[in-house]
Amino acid sequence: MLRYMIMAREFDTAMLRLYRQGKAFGGVYSQLGNEAVSVGSALALDRTKDVLFPMHRNIGGHFVFGQTLDQLMLNHLARQGSQMRGTDGTGHYADPALRIYGNVSHLGAMIPVAAGFSLADKLRGVTTVSMTYIGDGGAQVGEVHEALNFASVHKIPLILIIENNQYAYSTPNSMEFACERLSDRAVGYGMAGATIDGTDVELVYTTCSEAVDHARKGLGPTLIETVTMRMRGHAEHDDFSYVPKELLEEWSAKDPVERYIDRLIDDGVVTREETDELRASILNDMIASIDRALEHPWPAAEEGLKNVFMSTAGEGH
Amino acid sequence: MQMTYLEAIADALRVEMRRDERVFMIGEDIGTYGGAFKLTKGFLDEFGPSRIIDAPISEAAIIGASIGAALNGMRPVAEMQFMDFVTNGFNQIVTVAGTTAYRWAIPVPMVVRGPSGGGVGANPFHSRNSEAWFVHATGIKVVCPAFPDDAKGLMMASIRDNDPVVFYEHKGLYRKIKGDVPEGEYIVPLGKARVVRQGSDVSVICYGSAVHMALAAAEAVAAEGINVEVVDIRTLVPFDEETVLASVRKTGRAVVAHEAVLTGGFGGEIAARIADKAFSYLDAPVKRVAAFDAPTPFAPTLEQAVLPNSDIIANTIRATCSF
Ligand SMILES: Cc1ncc(C[n+]2csc(CCOP(=O)(O)OP(=O)(O)O)c2C)c(N)n1
Ligand SMILES: [Mg+2]
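Here the protein sequences line up with chains A and B, keeping their order. Position one of the first sequence corresponds to residue 0 (numbering that gives the first Met the number 0), numbered consecutively onward. Position one of the second sequence corresponds to residue 0 (numbering that gives the first Met the number 0), numbered consecutively onward.
It is worth saying that the hints were derived from the structure and are not from the lab. C-beta atoms are modelled at their ideal positions from N, C-alpha and C, and glycine is treated no differently. Among these hints, one or two may not hold up.
Only some residues are given here: those of chain A computed to face chain B with a beta carbon under 8 Å [said to hold, decoys possible]:
hint	residue
1	21
2	27
3	77
4	80
5	136
6	137
7	141
8	175
9	178
10	241
11	242
12	293
13	297
Working from the sequences, and respecting the hints, build out all of it.
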C-alpha cells in the first residue's frame with residue numbers, strides 16, 4: 000500500500016517536472032490529494048477477477064493493477080509503443096490482460112459501460128466487480144443516473160466512487176449539486192451508499208472491501224463518496240486562483256500520503272529514513288521511465304489511417 | 000478594429016447582451032473562470048450571475064433549459080466547453096429544438112456555441128468537427144465562420160435568428176486569426192456565402208479552418224499560373240447554393256474542402272448540388288478534400304496524417320486543372 004501511495008504521488012512530481020520543462024503533451028491532470036482514493040479502492044479488488052475503469056485522477060489504480068511504469072508512460076505520452084498507437088493519450092488506454100479499461104474525456108460515459116462489463120459476466124454466472132469513478136462535477140451528467148439505476152435494478156456488482164474534491168474545474172460543489180452528500184443519492188436508486196474521508200487510505204480500503212463483499216454476495220451496486228481536495232488546478236494550465244488559500248492550507252494538513260507515512264512511522268512499521276529512501280528511488284524510476292519514453296519517436300503517421308474498424312484492422316486509405 | 004477570432008465572438012456576445020435583455024448565457028465555468036478559453040472573461044462582472052449562468056456538468060440540461068427559456072421569450076446562448084460535448088445534449092437539439100417550428104410554429108431562438116476542430120494536439124474527444132450531424136437533423140441552422148468579422152456578424156445574426164443555431168467556433172483559429180472587425184452592431188446574414196478570393200480557373204468551396212488552407216493553397220498554385228477562386232460558404236444551413244453555382248459556372252472546375260471527415264460530410268452535399276445544377280459547365284469532376292474517416296488522433300504525427308491541409312488542397316487543384 001505504501002509503495003503504491005508513493006508511486007501515485009511521485010508520478011505527479013515527475014509529470015509536473017516534465018510540464019515545467021515544456022515537454023509534456025496534452026493536459027497534465029494532477030491527482031495530488033486523491034492518491035488514497037485510487038490506491039485504497041483498487042487494492043480492495045481482486046485484480047485477477049475484478050475490473051478497473053479508472054478516471055483521470057486514478058493513476059494509483061493503474062499501478063495496483065500491475066501496469067508497468069514504462070508502458071504507462073508510453074501510453075500517457077502517446078509515443079511509439081503506446082497501446083493506443085498514438086490515437087489517444089493519457090490514461091485512456093485499455094489493457095484487457097491487466098483488466099484495466101480507461102476513460103474517455105466525456106465525463107460519465109464509461110459508467111454504463113462498466114456496468115455492462117459486469118453484466119456480461121453475470122449472464123455467464125460469474126461475479127466480476129467493476130470499480131469505476133466520477134468527480135463531483137461529472138456526477139451531474141445524465142448517464143451517471145441511468146447507469147446507477149440500471150445497475151441497481153439488475154443487481155450488478157458495480158462500485159461507483161464519487162471523488163468529491165470540492166471543485167469541478169472552477170465550479171465549486173455549491174454550484175454543482177444541492178443535496179447534502181452525494182451518497183444521499185444511493186437511497187433514490189435503492190442501493191448501498193456511504194460518504195467517507197477520502198484522504199485516509201485505510202478507511203478507503205476497508206469501505207471499498209465491504210462494498211466488494213456486498214457485490215460478491217449478489218446484493219448489487221454501491222455508491223461511495225470520497226471527500227478530498229483537489230490540491231492543484233484542474234490541469235497544469237490552470238492557476239486555480241479561484242480556490243481560497245485557506246481551503247488549500249486546511250487540506251494540506253490532511254495530505255493523504257504524508258498522513259499515511261506518519262501513521263506507519265508512529266506504529267513503528269517503517270522509519271522516516273526508509274520512506275525517504277523509497278520516495279527518492281521511486282521518483283528516480285519515474286524520471287528514468289519518462290526519459291526512456293521520450294526517446295521513443297512519435298508513432299508512424301500511417302498508424303492514424305489504420306484500425307478504424309476491427310474488420311479492416313491494419314488497412315489504410 | 001483589429002480583433003482575434005475569439006475577441007470578435009466575445010464582442011458580438013457583449014454587444015447583443017447590452018442591447019437585448021433577453022439574451023443570457025449558460026455553460027460550464029463561464030462565469031468566475033471566464034470560460035475554458037477565457038472567451039467570457041469579464042462577462043460575469045458586467046452582466047451578473049443571473050445572465051451569466053455557471054451550470055453543473057449537464058449538457059442535456061444546459062441545452063434543454065435553453066430551449067425552454069427560448070420557448071418562453073428569452074434568447075439563450077448555451078456554451079459547450081468543447082463542441083464535442085454536444086453529444087451529451089444531442090437529443091435536446093435534434094428531437095426538441097429541431098422539430099418545434101415545424102410542429103408548433105413556435106420559435107426557439109437559441110444558440111449552442113463552442114470550440115470545435117482539430118490540429119491542436121488535443122485528443123479524439125476534444126477535436127471533432129460534427130457540423131454535418133446537425134445539417135442532417137433538419138430544423139437546425141449550422142454556422143461555421145472562418146474570419147473574425149464573420150464570426151462577429153454571424154454570431155449577432157444567430158442570436159437574433161428565430162430558429163435554433165449550432166455555432167461552430169474553430170479553436171485553432173481562436174487566437175491565430177486576426178482581422179478588422181466593425182465596431183458595435185454588425186450583422187452578417189445567415190445563408191450568404193463570401194467569395195474571399197476572386198479567380199477564374201477553379202473554385203474551392205469551403206468553410207471554417209479549410210478556408211485558410213484553401214487560401215494558402217491558392218497562393219501556392221498562383222505561381223504556377225492557376226487562378227483560384229475561394230468561396231467560403233460560412234453557413235451550412237441555410238446553404239447559399241446560388242453563390243456556389245455562380246462561381247462554378249464561371250470557373251468550370253470545383254474542389255470542395257472541409258476539415259471534417261469525408262464520408263457523410265457536407266462536402267458531399269455541395270458536390271451533389273454542383274453535379275446536379277452546373278453539370279454542363281464542368282470541365283473536370285468535382286473533387287473533395289476532407290479528413291480521413293477516423294476519429295481525430297492525439298499524437299501529432301497521426302493527426303497530421305488524418306487531417307487535410309493546404310498541400311493536399313493545392314495538389315487537388317493541380318489535378319483538377321490538368322484533368
Ligand atoms: C460531458 C463533459 N462535459 C464537459 C467536460 C469538460 N470537463 C472536463 S473535466 C471537467 C471538470 C471535472 O470535474 P469533476 O468531475 O469534479 O472531476 P475532477 O477533475 O475535479 O476530478 C470538465 C467540465 C467533459 N470532459 N465532459
Ligand atoms: Mg472535482
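Status of the hints after comparison with the structure:
1. 21: Where the cut-off is 8 Å and the nearest Cβ of chain B is about 13 Å from residue 21 of chain A, the hint is violated.
2. 27: Hint violated; residue 27 of chain A Cβ to chain B Cβ min 13 Å, cut 8 Å.
3. 77: holds (4 Å)
4. 80: At about 12 Å, which exceeds the 8 Å cut-off, the nearest Cβ of chain B leaves the hint on residue 80 of chain A violated.
5. 136: Result: holds, 4 Å to nearest chain B Cβ.
6. 137: holds (6 Å)
7. 141: Interface hint status for residue 141 of chain A: holds (5 Å vs cutoff 8 Å).
8. 175: holds (5 Å)
9. 178: The hint is violated - residue 178 of chain A has no Cβ within 8 Å of chain B, the shortest such distance being about 12 Å.
10. 241: Cβ of residue 241 of chain A sits 5 Å from chain B, so the hint holds.
11. 242: With a closest approach of 11 Å, the residue 242 of chain A hint is violated.
12. 293: Given a least distance of 13 Å, the restraint on residue 293 of chain A is violated.
13. 297: holds (4 Å)
The structure shown violates the earlier hints numbered 1, 2, 4, 9, 11 and 12.
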